[in-house]
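Colleague: Residue numbers (our numbering), protein chains in the order written: chain A, 1 to 112; chain B, 1001 to 1116.
Check the hints yourself; a few may be wrong.
To be verified - Dumping the calculated EDC-like pairs for lysine to aspartate or glutamate here, alpha-carbon to alpha-carbon at most 16 Å: (1) B:Lys-1022 x B:Asp-1009; (2) A:Lys-41 x A:Glu-68; (3) B:Lys-1022 x A:Glu-68; (4) A:Lys-44 x A:Glu-57; (5) B:Lys-1022 x B:Glu-1064; (6) A:Lys-41 x B:Glu-1015; (7) A:Lys-51 x A:Asp-30; (8) B:Lys-1069 x B:Asp-1085; (9) B:Lys-1077 x B:Glu-1066; (10) B:Lys-1115 x B:Glu-1066; (11) B:Lys-1049 x A:Asp-30; (12) A:Lys-41 x B:Glu-1008; (13) A:Lys-41 x A:Glu-85; (14) B:Lys-1111 x A:Glu-100; (15) B:Lys-1049 x B:Glu-1064.
Hints were generated in silico from the structure; no laboratory data involved. Source: prediction; values computed, not measured.
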Amino acid sequence: EAGVTQFPSHSVIEKGQTVTLRCDPISGHDNLYWYRRVMGKEIKFLLHFVKESKQDESGMPNNRFLAERTGGTYSTLKVQPAELEDSGVYFCASSSQGVEAFFGQGTRLTVV
Amino acid sequence: AQSVAQPEDQVNVAEGNPLTVKCTYSVSGNPYLFWYVQYPNRGLQFLLKYITGDNLVKGSYGFEAEFNKSQTSFHLKKPSALVSDSALYFCAVRLRGMDSNYQLIWGAGTKLIIKP
Chain A
1 EAGVTQFPSH
11 SVIEKGQTVT
21 LRCDPISGHD
31 NLYWYRRVMG
41 KEIKFLLHFV
51 KESKQDESGM
61 PNNRFLAERT
71 GGTYSTLKVQ
81 PAELEDSGVY
91 FCASSSQGVE
101 AFFGQGTRLT
111 VV
Chain B
1001 AQSVAQPEDQ
1011 VNVAEGNPLT
1021 VKCTYSVSGN
1031 PYLFWYVQYP
1041 NRGLQFLLKY
1051 ITGDNLVKGS
1061 YGFEAEFNKS
1071 QTSFHLKKPS
1081 ALVSDSALYF
1091 CAVRLRGMDS
1101 NYQLIWGAGT
1111 KLIIKP
């Protein structure tokens, strides 16, 4: 069974540019989560999808971040325009009805 | 505020010795407790979880963790460390009653270095 996959694994962009991260969850998992770890700090929750609906987006830092999950399959997280403080590792996770969620390898975003 | 603390940024252990990575939490109620590991250039991997029952939980790769309710701790342990255990370890909690909402509260991570 394929796990959660994220693209790209690394991205280096200039301040002011736009970047789109993608997450493909495990097939059949209705729940999809985005998290972010800024260098050296704890991992923070960004938002939670149930199928295509946003269940909880309380962790989104500001309106420069836009997440979508059209059709309830893969999800994208767009940052526009990117700022220096957006640098970090963005993790995606998916789960079904169980307690455990499965994580992707993360996308390391560097804004210069 | 609800939080998870991993008091050590880094833990150094000689191969073959026992290891402990500490975690304490401050949340309301009785949460689910987790340990995840991140190997270099890899994603977060689930190690073990505590839901209910026996306070000693066994997980992957020979790791175990002990839940202590009075001390609100969930320390990760292994009797004999391997060099391949070197990685970044995260403790996390999930509040009960949130059904499918997996809004985890995370510690900052502890870098574990096992020296040959």
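Colleague: All hints are to be evaluated individually against the structure, with a verdict given for each.
Modeller: Now for the hints, and whether the structure bears them out:
no.	hint	result
1	B:Lys-1022 x B:Asp-1009	holds, 10 Å
2	A:Lys-41 x A:Glu-68	violated, 26 Å
3	B:Lys-1022 x A:Glu-68	violated, 37 Å
4	A:Lys-44 x A:Glu-57	holds, 12 Å
5	B:Lys-1022 x B:Glu-1064	holds, 12 Å
6	A:Lys-41 x B:Glu-1015	violated, 28 Å
7	A:Lys-51 x A:Asp-30	holds, 5 Å
8	B:Lys-1069 x B:Asp-1085	violated, 27 Å
9	B:Lys-1077 x B:Glu-1066	holds, 8 Å
10	B:Lys-1115 x B:Glu-1066	violated, 24 Å
11	B:Lys-1049 x A:Asp-30	violated, 21 Å
12	A:Lys-41 x B:Glu-1008	holds, 13 Å
13	A:Lys-41 x A:Glu-85	holds, 13 Å
14	B:Lys-1111 x A:Glu-100	violated, 23 Å
15	B:Lys-1049 x B:Glu-1064	holds, 9 Å
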